[in-house]
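In my numbering, the protein residues as written are 2 to 326.
Accuracy of the hints is not assured; some may be wrong.
Calculated cross-link-like contacts (lysine-lysine; reagent style DSS-like; alpha-carbon spacing at most 27 Å) [claimed, not checked]: (1) Lys18 <-> Lys42; (2) Lys121 <-> Lys149; (3) Lys18 <-> Lys149; (4) Lys46 <-> Lys18; (5) Lys173 <-> Lys18; (6) Lys173 <-> Lys299; (7) Lys170 <-> Lys299; (8) Lys299 <-> Lys121; (9) Lys121 <-> Lys32; (10) Lys32 <-> Lys46; (11) Lys20 <-> Lys66; (12) Lys296 <-> Lys20; (13) Lys20 <-> Lys32; (14) Lys32 <-> Lys42; (15) Lys32 <-> Lys173; (16) Lys170 <-> Lys46; (17) Lys46 <-> Lys299; (18) Lys295 <-> Lys170; (19) Lys149 <-> Lys295.
FYI, nobody ran anything at the bench for these hints, they're computed from the structure.
Remember, predicted model here, so these are calculated numbers, not experimental data.
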Amino acid sequence: MVYLGLLSLMQLLRMSKRKVYVYHGEGAEEKCRMELFASLKGAVKETYTVAYIEPADIIKGHWVKDAALLAVGGGYDLGLIRALGDRGIQIIRNYVLQGGSYLGLCSGGYFACDFIEFDKGGPLDVCGERHLKFFPGLCEGPVFPNFKYNSFQGAVAVPTEFWDSNLQKVVKFHSYFNGGGHFQPYNHAKAVMKDHLENQLSGHTLETIPRAAIDHQTDLGSPSWGENSLHTSDLVPNFDILAKYSSVEGAPASIVKTTFGRGVAVLTGIHIECRDDHFPLDDPFVAAMIDDLKKSEKTRQQCFESLLHHLRLDCDKKNLFNKLK
Numbered sequence: 002m003v004y005l006g007l008l009s010l011m012q013l014l015r016m017s018k019r020k021v022y023v024y025h026g027e028g029a030e031e032k033c034r035m036e037l038f039a040s041l042k043g044a045v046k047e048t049y050t051v052a053y054i055e056p057a058d059i060i061k062g063h064w065v066k067d068a069a070l071l072a073v074g075g076g077y078d079l080g081l082i083r084a085l086g087d088r089g090i091q092i093i094r095n096y097v098l099q100g101g102s103y104l105g106l107c108s109g110g111y112f113a114c115d116f117i118e119f120d121k122g123g124p125l126d127v128c129g130e131r132h133l134k135f136f137p138g139l140c141e142g143p144v145f146p147n148f149k150y151n152s153f154q155g156a157v158a159v160p161t162e163f164w165d166s167n168l169q170k171v172v173k174f175h176s177y178f179n180g181g182g183h184f185q186p187y188n189h190a191k192a193v194m195k196d197h198l199e200n201q202l203s204g205h206t207l208e209t210i211p212r213a214a215i216d217h218q219t220d221l222g223s224p225s226w227g228e229n230s231l232h233t234s235d236l237v238p239n240f241d242i243l244a245k246y247s248s249v250e251g252a253p254a255s256i257v258k259t260t261f262g263r264g265v266a267v268l269t270g271i272h273i274e275c276r277d278d279h280f281p282l283d284d285p286f287v288a289a290m291i292d293d294l295k296k297s298e299k300t301r302q303q304c305f306e307s308l309l310h311h312l313r314l315d316c317d318k319k320n321l322f323n324k325l326k
């Protein structure tokens with residue numbers, strides 16, 4: 002009887018685990034997706050379950066009940082838009098607004114901005130408005146030239162300055178980069194977006210943020226995840242810069258954290274999730290950067306853990322310590 006009681010308790014604990022979801026579908030490059038999954042699984046405590054989630058399941062919406070995080074890795078954001086559609090984007094946006102956490106890396110970061118300019122005027126040109134709008138500004142890239150899809154051509158070990166909230170200081174390291182952007186806030190973005198949202202709620206035309214992207218998030222009279230109703234100002238993102246491209250003129254932002262409603266999003270142009278053993282050593286482009294990445298591995302892992310703390314996750318420090326020894 003005692004054994005059965007313990008078994009039931011263990012099953013209950015398993016069922017109560019919160020989920021760290023990694024997007025798996027069109028727009029997610031396979032190697033990036035697998036690396037993101039492995040890095041999250043190795044970093045978070047066993048009280049979480051790390052699992053893939055497909056676009057169809059995101060659109061159904063049931064996942065938000067037990068989600069601790071939705072992570073979207075590298076690939077191409079037009080695929081994300083096609084796979085998720087208006088409904089999927091609305092659900093992700095509402096999930097964060099109501100208190101959820103979103104991690105967007107490379108294309109997942111582009112996808113979550115107000116507007117993107119990727120290879121503007123070039124052969125890979127992808128420019129336009131995006132509808133999650135967690136960051137009130139533009140994501141422009143690639144920051145470094147010669148990017149090619151499904152290749153390490155154009156990849157670099159980029160010098161990075163990162164604000165480590167655990168250590169309360171700026172740390173410097175080299176991080177893997179391949180096609181990501183830098184984040185440029187609009188001037189007076191908060192005031193401008195607030196005016197647009199008030200126009201939307203009063204029935205006027207909204208030009209910057211299309212109605213289809215926010216319809217199901219603006220019922221300000223109904224409570225959610227708490228007793229207090231949301232207000233118009235909750236829909237206006239505030240942001241902090243967590244990291245910069247220190248070798249680029251003007252040191253533009255490579256990682257930003259935004260608060261959106263009751264939720265939080267971290268968007269990054271660098272692949273801070275990628276471990277130094279992720280790369281094929283026989284690739285000539287990898288050979289040019291692998292030494293810098295290996296020297297930075299300990300710091301990279303510490304900074305990745307710091308990002309997860311920003312996203313309200315608990316990390317398994319014991320496992321992290323063992324990896325760093």
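- Query: Taken at face value, is the distance from the CA of lysine 20 to the CA of lysine 296 at most 27 Å?
  - Reply: This hinted pair is violated, its Cα atoms lying about 32 Å apart.
- Hinted pair lysine 149 and lysine 295, Cα distance within 27 Å: Since the Cα atoms of lysine 149 and lysine 295 sit roughly 23 Å apart, the hinted pair holds (cutoff 27 Å).
- Within 27 Å, alpha carbon to alpha carbon, are lysine 170 and lysine 299? Holds. Lysine 170 to lysine 299 sits at ~16 Å (cutoff 27 Å).
- Message: Next pair to validate is lysine 32 with lysine 173; report whether the Cα-Cα distance is within 27 Å.
- Response: Distance ~26 Å between lysine 32 and lysine 173 Cα, so the pair holds.
- Item | Restraint status (C-alpha distance of lysine 299 to lysine 121 at most 27 Å) | It is violated: about 35 Å lies between the C-alpha atoms, which goes past 27 Å.
- Query: Quick one, are lysine 121 and lysine 32 close enough, alpha carbons at most 27 Å?
  - Reply: holds (26 Å)
- Query: When you check the alpha-carbon spacing of lysine 18 and lysine 149, does it fall within 27 Å?
  - Reply: Distance ~39 Å between lysine 18 and lysine 149 Cα, so the pair is violated.
- Holds or violated: lysine 46 with lysine 18, Cα cutoff 27 Å? Holds, because 10 Å separates the two Cα atoms, which is no more than 27 Å.
- Query: CA of lysine 20 to CA of lysine 32, is that 27 Å or under?
  - Reply: holds (21 Å)
- Does the alpha-carbon distance linking lysine 173 and lysine 299 stay inside the 27 Å limit? With a Cα-Cα distance of about 11 Å, the restraint between lysine 173 and lysine 299 holds, given a limit of 27 Å.
- Agreement of lysine 173 and lysine 18 with the hint, judged by alpha carbon distance not exceeding 27 Å: Status violated; Cα separation ~35 Å.
- Item | Distance restraint between lysine 32 and lysine 42, which requires alpha-carbon spacing of 27 Å or less | holds (15 Å)
This entry does not satisfy hints 3, 5, 8, 12, going by the numbered hints stated previously.
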